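**Q** These are the residues of each chain, in order.
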Amino acid sequence: MSVLMKISQEVKKILSNYESDCPGTKANLARILMHGHLGGTGKMIILPVDQGFEHGPGRSFAINPAAYDPLYHYEMAIEAGLSAYAAPLGMLEAGASTFAGAIPTILKINSSISLIPSGDDADQAITGSVADALRLGCSAIGYTIYPGSNATLGMLENLREIAEEAKACGLAVIVWSYARGNMSKDGETAIDTIAYGAHIAALMGAHIIKVKLPSDYLENADAKKEYLAHKVDISTQAARVRHVVETCFQGRRLVVFSGGAAKDLQGVYDDARAIREGGGNGSIIGRNAFRRPRAEAMQMLDTLIKIYQGKL
Amino acid sequence: MSVLMKISQEVKKILSNYESDCPGTKANLARILMHGHLGGTGKMIILPVDQGFEHGPGRSFAINPAAYDPLYHYEMAIEAGLSAYAAPLGMLEAGASTFAGAIPTILKINSSISLIPSGDDADQAITGSVADALRLGCSAIGYTIYPGSNATLGMLENLREIAEEAKACGLAVIVWSYARGNMSKDGETAIDTIAYGAHIAALMGAHIIKVKLPSDYLENADAKKEYLAHKVDISTQAARVRHVVETCFQGRRLVVFSGGAAKDLQGVYDDARAIREGGGNGSIIGRNAFRRPRAEAMQMLDTLIKIYQGKL
Amino acid sequence: MSVLMKISQEVKKILSNYESDCPGTKANLARILMHGHLGGTGKMIILPVDQGFEHGPGRSFAINPAAYDPLYHYEMAIEAGLSAYAAPLGMLEAGASTFAGAIPTILKINSSISLIPSGDDADQAITGSVADALRLGCSAIGYTIYPGSNATLGMLENLREIAEEAKACGLAVIVWSYARGNMSKDGETAIDTIAYGAHIAALMGAHIIKVKLPSDYLENADAKKEYLAHKVDISTQAARVRHVVETCFQGRRLVVFSGGAAKDLQGVYDDARAIREGGGNGSIIGRNAFRRPRAEAMQMLDTLIKIYQGKL
Amino acid sequence: MSVLMKISQEVKKILSNYESDCPGTKANLARILMHGHLGGTGKMIILPVDQGFEHGPGRSFAINPAAYDPLYHYEMAIEAGLSAYAAPLGMLEAGASTFAGAIPTILKINSSISLIPSGDDADQAITGSVADALRLGCSAIGYTIYPGSNATLGMLENLREIAEEAKACGLAVIVWSYARGNMSKDGETAIDTIAYGAHIAALMGAHIIKVKLPSDYLENADAKKEYLAHKVDISTQAARVRHVVETCFQGRRLVVFSGGAAKDLQGVYDDARAIREGGGNGSIIGRNAFRRPRAEAMQMLDTLIKIYQGKL
Amino acid sequence: MSVLMKISQEVKKILSNYESDCPGTKANLARILMHGHLGGTGKMIILPVDQGFEHGPGRSFAINPAAYDPLYHYEMAIEAGLSAYAAPLGMLEAGASTFAGAIPTILKINSSISLIPSGDDADQAITGSVADALRLGCSAIGYTIYPGSNATLGMLENLREIAEEAKACGLAVIVWSYARGNMSKDGETAIDTIAYGAHIAALMGAHIIKVKLPSDYLENADAKKEYLAHKVDISTQAARVRHVVETCFQGRRLVVFSGGAAKDLQGVYDDARAIREGGGNGSIIGRNAFRRPRAEAMQMLDTLIKIYQGKL
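Protein chains in written order, with numbering that gives the first Met the number 0: chain A, 0 to 311; chain B, 0 to 311; chain C, 0 to 311; chain D, 0 to 311; chain E, 0 to 311.
These are computed hints drawn from the structure, not numbers from a lab. Please note: incorrect hints may appear among the correct ones.
Pairs count within a copy or across copies, as identical chains cannot be separated in the list.
As a list, the in silico DSS-like pairs of lysine-lysine whose alpha-carbon atoms are at most 30 angstroms apart [unchecked claim]:
#1 12 x 184
#2 223 x 25
#3 262 x 224
#4 11 x 230
#5 224 x 184
Small disclaimer: the values here were computed from a predicted structure and weren't measured.
Please take these sequences and the hints and turn them into a complete structure.
**A** Shown next as structure tokens:
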């Protein structure tokens, strides 16, 4: 971010889609979209590190013990030239002062714990606040919903309340929409489910929507009928990304994707190319980054950046 | 709406029924009742688009992909000369600035999600606020209740609280009253059920009441006895509309109807004529509009307007 | 109510029992006690119309369709010279301005819905607020409790909170105490149950207590022992009324009775005579009024007034 | 209470144990400890009348109908020279003005209702507030907890909140600690249970703790081991009282006892002597007072006072 | 603590890890870290006395009746030169004025009660507030979480809210993280569970984390795989302490350990040496102190201090 930040035409166009938001929120969206190597392109790569809550520290970091240190992630995100760094309260508190202003940050405001059984009642605990995000200098809050879980209505109501407060304070709102509960395992990443979850996030007023890459499976019988009758193209990953973007107000909302369980580098790169091709706005990539040796991760992130820049 | 808005006698008469409301709320009711081709007649056609929450985007819009764009609905409602446009938070945020002042808007403040099972516990999530409605320039809030569901008491208590706040801020309150839970499937549209649901909305202090068109079935044994004993006329659609209007304080509250599953144009028109004949105040028509090709929908809406104008 | 309202000695004596209440609340109690044909006698007849919530409009008003109009009830209560008119929010809003100052009004602040099963969990929804009562010019709020229901503790806690707010605003608090749940059907009107329910209302700080007329049945074994051992006279309706009044702080609180299912006029009159004889403070009479043709109802109310005046 | 109230040395010593309380709370504790025939001795007799909530009016007062009148209890407590009078909201409101300043009063702020089944889920409703206590001129609030009930955590959390508010307003906090739920019937008055319940009240920050007189039964196996291993003396009523006082911060908190089911006068007197001998601070005595003829009750109270004065 | 308190280099380094905290919180952390015989070393010994809530008074103090007196614990902690004293509300209120400024205190803000069954639903009651901590002059609040219990999400949400308030008031936040529920008994102290619980506390923003000493058992299959694959050293107590410290942001958060059931002195000392060797920040030692005769306890605490000073 230079002293004279000139907003690119691409980003200006994106910001114009957020016509009901206050200047503060637009400024924070611009901060994320103008930061790092992808600044100004309308694409983003965000590093999220909240797996300590979900899987515990050993399962997350034993493979790469340097990653037990919250500052490791700040540094990697900054040096790799990513768009933003997202983490829960304690992780951000540990480095927010050292790295103040060095990269846009996102306070992940609710978290899941795998120590307790979830199933159809899957829920998360609210573990941060808008006030925390403000005092830590964050640009956005992140909130997860589980459409399909028996806790859905409560999660949406909490999101509504927190998002209203965040918007009034000039923060951006990023919604992680992960369908689960009351559906088959395959249904969680079915194209109709992913699109439904993304659309719910858009309807809730999210500025940036984060979903998993969808498969070509169709979970819901009524939806399947419509998809087939109206020949919705879900044949390729890029086509499916395009459909998800379409369901997010025909591209008026930013949509980023996580790579799911894909582990080999080629898979990660193929995913990114499909996202780019389908008109998605980028990747949220966590475990695939910090669970690799640092040099390898940096190399991978650089390649991803180049893919989104259209260079690879 | 001309620069000098002269309120018609018909609308003045309607407004006089809202004698306990503040001038702000009366002004917003007047905005809805004076807007569009039906302005001044005491009739309304409202376009509601919240099916993305209830059925997901594919089942709602795959048939007409242009409708994935929130601005599509704003434009259709404005160009068709409808009375108001109702939608959830994200949908309104996407166009509220572009179309500021162009048509009265209604923020749908709670929403259902079909990803989770409902049955007797059917409930909705609160997904918007009075503050949202005010900042987006809305004239009214919309709230759904499910009389008969095990969640009824809680839904009424939330409505009470939100309606009190809305009225204090000069907004109008529109209640979608959909009976369900603890009754037969036919009972949901039984005339006694629909009338009960409409009456509850009136008792809760709703300004405009939205119900489904009732059948001539009678669900409740005690009610059936009274309807038969006192020869309530429920023999025709118009007669049933008249009865529902009667149960809304003998016409002192505005009542609009949705067409249910009717799909062919003739059915839609017949419904509207019955509503007009029975003294109803108009239609809320969503899927029957946006799931048709635009030209066809515009034609249909024009015909409906003419029906309510008494021209067809 | 004349311009110079001179409070009768009887009413002054009653007001002196409310020694911990603020002048505003005493003034509102005085308004009710000095209004109508029974003004100044210490007796009251109150017209309550909330059956639309509990039974729906058809079961309540199909027998007398004029009663679908909220203004019908205002007019009847005023013309009959009753003491006050009680109704839920929507009903009062419809006429509060037209009839401002013409009769003391009571906002019924919670309501039951028979569309949902009750049984031992019987509960009501809060459907109005103290703020509503104030803006509508009411003299009192009305609140129902179901002692014996599994919802009892919650209902009492809500009453506590609302009553505290009402008293601080100078309103009177009227408690409808209807025992139900965890008892036999006969037990709901057993003399020990009714007395217990009335006493709970008094302990909660109610100004006026409304119960059903009790039978001579004794529900609770421990209570039965005491009633028999100490020869409590429950042999006649008047004796039972006297006992209930005694349990309301030995007559320091106003107690009014509903007639239950009695339908023929003679039964209604006999009840009123028993209430008068037993020292009760009057009747709350709803369905027995508005479900009769207006002329017949007016005649009945006039007779009741004369009974309470001691003329019949 | 004379015009120049000179606090006795005994009471000064007791007050010094409440070193974290504000002067207002100390003043209210002093009012209770300096009032009546036991004023200045460090002993108290408190009259509580909340049985109307718990057992209903007939089971409580039919034996002595004069006691239906709330003023009866005020008068008895004052004339007998007791230390304080405790009752629920409605009871205090009925006489708080007439007897303003005549005796310290305690607003019982939660209440149980025997109409609903309790068992392991035993709970009470909050029926009064700190604001009520202040406007009625009370010196303290009274709150019941049921350690052992499934509702324990909630009851403690409510107590915490109300006690914090009361202390900030200069009121004293009296906790009725009645173990029940998840234990045997004998366990409710077992010495280890009673001591545990009393200790919880002390830990919660109660100023005065009220428990039942304990038996020599030991309920909990782990506790039993400790009591036996360390030879805790629980052989006599006085020894057990001494142990309970010890568990209340070694006598730094005031502890009063209720007599349980004891009915004959000799039993009541023996209990009082044991309490005195064991270092307890007095009795809370309700049913044993108001269920006797007034003269007999006055005589009994006079004897109890003399016992606590060491004269009998 | 001398008049001129010079913060040691070791403590300055520790404080620098709390870079997002306000000066008030840092000052309170410094008070704890600079107090007593371990002042300035970065090590702590804290005396917690809340077993009266969890086990009752008899099981806790019958073995040493002097400990029924809250002042006993203040005195012992002060004379032994410990770092801080932690206790629930009532315990602190009893001595907070007498010992004002004599030792940093920690208000234990939630508490468990063994009278009620816990199992998978294990939960605690909130029994104190930030306002209480401030008025009693505390340096920190203490809060227990049960990761794994069905109450986990609620406990985390309450912690979030209380911790935010505490931090805004300049208090430090100490989290007792005790895994239980939905796991085997051995799993509660398994190294992966303890590390997970500690990490959750760090993510929640705790300043000081308190866990039990872990065993070398591995509870979770997925975690086990990672621990084995990446050869995490859990072979000795010191190695396990080192791992737990590592999972607390690689030592950026203070971690203290409780000794579990170890009872003989040698075991206590061995534990302390392992904690020291593994880089832990000290011990929280309650029952092992106050359940011994005072002289023996003082001797033991002195030895522990010397161990942490590296002298033994």
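**Q** Each hint should be assessed against the structure and marked as holding or not.
**A** Against the structure, the hints:
1. Proximity of residue 12 and residue 184 under a CA criterion of 30 angstroms is satisfied in neither setting, with 38 angstroms inside one chain copy and 48 angstroms between copies.
2. In this assembly of identical chains, residue 223 and residue 25 lie within 30 angstroms of each other by CA distance neither inside one copy nor across copies; the values are 37 angstroms within and 45 angstroms between.
3. In this assembly of identical chains, residue 262 and residue 224 lie within 30 angstroms of each other by CA distance solely across copies; the values are 17 angstroms between and 34 angstroms within a copy.
4. For the homomeric pair residue 11 and residue 230, neither the shortest alpha-carbon distance inside one copy (34 angstroms) nor that between copies (50 angstroms) is at most 30 angstroms.
5. Within a single copy, residue 224 and residue 184 get their C-alpha atoms as close as 20 angstroms, and across copies as close as 24 angstroms, so both meet the 30 angstroms cut-off.
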